[in-house]
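Chains as they are written, first to last, in this note's numbering: chain L, 1 to 416; chain S, 1 to 416.
Calculated directly from the structure, the hints in this document are not laboratory data.
Please note that a few of the clues may not be correct.
[Said to hold, decoys possible] Label-pair ranges, simulated between beta-carbon atoms:
| hint | chain 1 | residue 1 | chain 2 | residue 2 | range |
| --- | --- | --- | --- | --- | --- |
| 1 | S | LEU226 | L | PRO233 | 41 to 49 Å |
| 2 | L | SER114 | S | ALA245 | 48 to 56 Å |
| 3 | S | PRO392 | L | PRO110 | 30 to 38 Å |
| 4 | S | PRO167 | L | PRO233 | 45 to 53 Å |
| 5 | L | THR385 | S | LEU397 | 44 to 52 Å |
| 6 | L | THR73 | S | ALA219 | 22 to 30 Å |
| 7 | S | GLY320 | L | GLU163 | 55 to 63 Å |
| 8 | L | PRO110 | S | ARG388 | 30 to 38 Å |
Computed from a prediction, not measured in an experiment: that's the story for all the values here.
Glycine included, every Cβ here is placed at the ideal spot set by N, Cα and C.
2 protein chains.
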Amino acid sequence: MATARILSTGDELVRGRSLDTNTSEIARALSGEGVSCEGAEVVADDLPALVDAIRRACATADFVVLSGGLGPTEDDCTRAAAAAAAGVAIERVPELAAALEERFARRGIPMPPSNLLQADRPAGAETLPNRHGTAPGFAMAIGRGRFLALPGPPNEMRGVLAEEALPRIRAFLAAAGGPRRVVRTRSLETWGEREAAVGEKIADLMRRGRMPRVGTTAARGTIRILVHAEGDPADVDALLASDEAEIRRRLGPAVFGADGETIEDVAARALLASGRTLAVAESCTGGMIGALLTGTPGISASFLGGVIAYANEAKVRDLGVDAALLARVGAVSEEVARAMASGVRARTGADIGIGITGVAGPGGGSEEKPVGSVHLALDDRGAVTHRRLALPGDRALVREIAAKSALDLLRRSLGR
Amino acid sequence: MATARILSTGDELVRGRSLDTNTSEIARALSGEGVSCEGAEVVADDLPALVDAIRRACATADFVVLSGGLGPTEDDCTRAAAAAAAGVAIERVPELAAALEERFARRGIPMPPSNLLQADRPAGAETLPNRHGTAPGFAMAIGRGRFLALPGPPNEMRGVLAEEALPRIRAFLAAAGGPRRVVRTRSLETWGEREAAVGEKIADLMRRGRMPRVGTTAARGTIRILVHAEGDPADVDALLASDEAEIRRRLGPAVFGADGETIEDVAARALLASGRTLAVAESCTGGMIGALLTGTPGISASFLGGVIAYANEAKVRDLGVDAALLARVGAVSEEVARAMASGVRARTGADIGIGITGVAGPGGGSEEKPVGSVHLALDDRGAVTHRRLALPGDRALVREIAAKSALDLLRRSLGR
Numbered sequence: 001m002a003t004a005r006i007l008s009t010g011d012e013l014v015r016g017r018s019l020d021t022n023t024s025e026i027a028r029a030l031s032g033e034g035v036s037c038e039g040a041e042v043v044a045d046d047l048p049a050l051v052d053a054i055r056r057a058c059a060t061a062d063f064v065v066l067s068g069g070l071g072p073t074e075d076d077c078t079r080a081a082a083a084a085a086a087g088v089a090i091e092r093v094p095e096l097a098a099a100l101e102e103r104f105a106r107r108g109i110p111m112p113p114s115n116l117l118q119a120d121r122p123a124g125a126e127t128l129p130n131r132h133g134t135a136p137g138f139a140m141a142i143g144r145g146r147f148l149a150l151p152g153p154p155n156e157m158r159g160v161l162a163e164e165a166l167p168r169i170r171a172f173l174a175a176a177g178g179p180r181r182v183v184r185t186r187s188l189e190t191w192g193e194r195e196a197a198v199g200e201k202i203a204d205l206m207r208r209g210r211m212p213r214v215g216t217t218a219a220r221g222t223i224r225i226l227v228h229a230e231g232d233p234a235d236v237d238a239l240l241a242s243d244e245a246e247i248r249r250r251l252g253p254a255v256f257g258a259d260g261e262t263i264e265d266v267a268a269r270a271l272l273a274s275g276r277t278l279a280v281a282e283s284c285t286g287g288m289i290g291a292l293l294t295g296t297p298g299i300s301a302s303f304l305g306g307v308i309a310y311a312n313e314a315k316v317r318d319l320g321v322d323a324a325l326l327a328r329v330g331a332v333s334e335e336v337a338r339a340m341a342s343g344v345r346a347r348t349g350a351d352i353g354i355g356i357t358g359v360a361g362p363g364g365g366s367e368e369k370p371v372g373s374v375h376l377a378l379d380d381r382g383a384v385t386h387r388r389l390a391l392p393g394d395r396a397l398v399r400e401i402a403a404k405s406a407l408d409l410l411r412r413s414l415g416r
Numbered sequence: 001m002a003t004a005r006i007l008s009t010g011d012e013l014v015r016g017r018s019l020d021t022n023t024s025e026i027a028r029a030l031s032g033e034g035v036s037c038e039g040a041e042v043v044a045d046d047l048p049a050l051v052d053a054i055r056r057a058c059a060t061a062d063f064v065v066l067s068g069g070l071g072p073t074e075d076d077c078t079r080a081a082a083a084a085a086a087g088v089a090i091e092r093v094p095e096l097a098a099a100l101e102e103r104f105a106r107r108g109i110p111m112p113p114s115n116l117l118q119a120d121r122p123a124g125a126e127t128l129p130n131r132h133g134t135a136p137g138f139a140m141a142i143g144r145g146r147f148l149a150l151p152g153p154p155n156e157m158r159g160v161l162a163e164e165a166l167p168r169i170r171a172f173l174a175a176a177g178g179p180r181r182v183v184r185t186r187s188l189e190t191w192g193e194r195e196a197a198v199g200e201k202i203a204d205l206m207r208r209g210r211m212p213r214v215g216t217t218a219a220r221g222t223i224r225i226l227v228h229a230e231g232d233p234a235d236v237d238a239l240l241a242s243d244e245a246e247i248r249r250r251l252g253p254a255v256f257g258a259d260g261e262t263i264e265d266v267a268a269r270a271l272l273a274s275g276r277t278l279a280v281a282e283s284c285t286g287g288m289i290g291a292l293l294t295g296t297p298g299i300s301a302s303f304l305g306g307v308i309a310y311a312n313e314a315k316v317r318d319l320g321v322d323a324a325l326l327a328r329v330g331a332v333s334e335e336v337a338r339a340m341a342s343g344v345r346a347r348t349g350a351d352i353g354i355g356i357t358g359v360a361g362p363g364g365g366s367e368e369k370p371v372g373s374v375h376l377a378l379d380d381r382g383a384v385t386h387r388r389l390a391l392p393g394d395r396a397l398v399r400e401i402a403a404k405s406a407l408d409l410l411r412r413s414l415g416r
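Excised from the complex, chain L in its bound form (with noise of 0.2 Å):
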């Protein structure tokens, strides 16, 4: 299988002054094309470091996809180090200096001469038009490797990436025979499972040297199980189809979605699916379950509304909470949840009735109720299911997974 390593350049980048998105991109495209993308670089501006990084990257890879340091200045030294990582001389090409100042002319602007950098190539390099800027890129053979030089605005990177490099990089790959393999990636996204009980369940699947390759992340409560499988096309897919199932065999409803899909986004789909209506009672969390829930278009079908019960006197005068029941087990506690539940589908008409309260912290823990416990109802026509949590981390986590949590329990009730 074609392996490739990425390299962006700019001063902006390595200080972090901008974030680099150009690598992530072109990975991306690349894996579309059965390339494997084994690693990246972020360079500054310095001519030694850039030739050097260019040299390391294109003894290992077929592929050396680089972007930025095409333009005007000085600091724009991709030329420069491609043609020194290649051992070959720099030349200003004739149409690249024509079509440079013809552009300028067209603007009635004149061409500040420093402009003309952008008309030199290292010797027999190919040029790969910039129809969205004036910085053409580049390819050429170095090393072992097809080096493709791209310009550094996403915009431009992107445009010559799809119009120039791609085409030239399937090209190769038909050129160089056999059979096309592809990388593809599967990704299942979990909800109510910690990432280690989940990695304990898939252990065979993620052992190293196994195909497909099998990782995890987590990221705020969502453990995402990623599938990478290379080969024949056909293959592949079968692969990826083979180790969802399994994958979901052992899961069971803890999966809820594949590709990027949101538990938010499940869980409005499911309720408008479903045809019922729901409202939100919510302390802890504040208005962000119905904030989620209403980032879906068309969720006013099924979403009523709801209370933010922030204050107890809230939770007793619009949920109905029996304020002696308050005073006796606390806001935070499943009777109270229960009742904030029940109590907004009483006053909206609603089918299901979420009701979610807990302490979000920093302040406000107790020995018995620690920061992070979280208790959290759903009562759909009358069935009330409770759950109790005890979350981790900072205030702004604590609320997002307990919103989150919600949504779990919605989708998992009406079966998704």
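Position chain S against the provided structure of chain L, taking the given hints into account.
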């Protein structure tokens, strides 16, 4: 000047499935300490590749900061790679194992045995405690560099970087002595003026070649003005303070905060400082104003809660909006926004009521009330302010800017 290299590890980053934001954050934080970042690399979950990258980075930089690969699964190989790069063994740290076990015991759930991987550490390394998750980081000498490993999830990385890694880097720099040259950035956050209008008011400060360097960026309604200066710490601080004063003078109340403060935090703090109480009545934002405000700890002293009045029936039943008025002028109207603000105030007894109603899209727009039409009202003890917004963007952006515009109105009405 001290130098750094940054590494991040994870197949999902190399393949472009997740965007690496840690590198950029770490680079900025190091700049603030006077450490110059020379380059960054993204490495797959592959032990030999990671060992090689760590060795190369530690051969040239004073500090090497890596994020990722510290989780509890087989593909988390940062601990093993650092040990191999340094030529030391891996050891299990009894205190870390005990802390992990206690953490799970406290939450009343059994610990998956694989979690114990997170109690491993290269021999001779120092633990960097992680109060935001289960995987601690570590620090050790490798080659000529100080190597610091941080967890991969951005919120955990951020916490361990600020609380554990930066103090150690500072102490190390102080011990090394010598004059310090720093790069510092001050950002001023504005709301309510377009980026081009902000740019025109400070065009002379943004001139190329001027020091400090001043630029603007726009993200989801907040226009940020960045002021960068480099040099001797005392000079840099004076330059930044002088530009900040000038920018605040020119932009007036559009500046709501500095250095990444959010409109929701500023509004929540202004509310708390005012001693007044607030309730919200949200239609198109579905609870987002409440969710944003309640992100601030202690807000329960001022925020009573409110009503998510997504359905028209809720506006009538829970907020006392006149049904005939609703039928006549429609839900998205100045009159209904005003009635919602006053209704939720009357219902809850709050000093201030906020009402918001709009067309978030993508459906539901008309010629008279296109997608992005939002009416916002604030009733402060009987004095009602109204704003009509015509917002660009998709559903998510319209909702977010609508909610934050309500918070902007709140902080301005409180004189902040």
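Hints that the structure is at odds with (numbers, increasing): 2, 5 and 8
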